[in-house]
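*Asks:* Sequence:
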Amino acid sequence: MSSDLTSTVGYDSIIQHLNDGRKNCKEFEDFLKERAIIEEKYGKELINLSKKKPCGQTELNTLKRSLDVFKQRE
1 MSSDLTSTVG YDSIIQHLND GRKNCKEFED FLKERAIIEE KYGKELINLS KKKPCGQTEL
61 NTLKRSLDVF KQRE
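Residue numbers (full-length UniProt numbering): 1 to 74.
FRET-style restraints, in silico, Cβ to Cβ:
(1) K71 to K41: 15 to 21 Å
(2) Q16 to V69: 49 to 55 Å
(3) K51 to Q16: 49 to 55 Å
(4) L32 to T58: 37 to 43 Å
(5) K26 to D4: 30 to 36 Å
(6) L32 to P54: 31 to 37 Å
These are calculated hints, taken from the structure and not from any lab test. In this text, a Cβ means the ideal position worked out from N, Cα and C, and glycines have one as well.
Construct the complete structure from the given sequences, taking the supplied hints into account.
*Replies:* As C-alpha cells, then:
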C-alpha cells in the first residue's frame, strides 16, 4: 500500500465496494419483484382451483369449516 498522501487507493476501493453494493441491491430488488409476480399468479391459480374442484363436501365439523373458509377466500 502506498504511503503517498495523494494516493486514491482507499477511495477507489470504497467506491468500487459501494458500486458493487448498489448492483447487488438492484439484483435483489429485481428478484423480489419477479418472485412477487410468481406468488401472485400462484395465489390466483389456487383460488381458481378451489372454485373449480369440489373438495370435502361430505366432511363434517372442523375440517368442513376449514375447507369452507378456504373456498371463500379471494
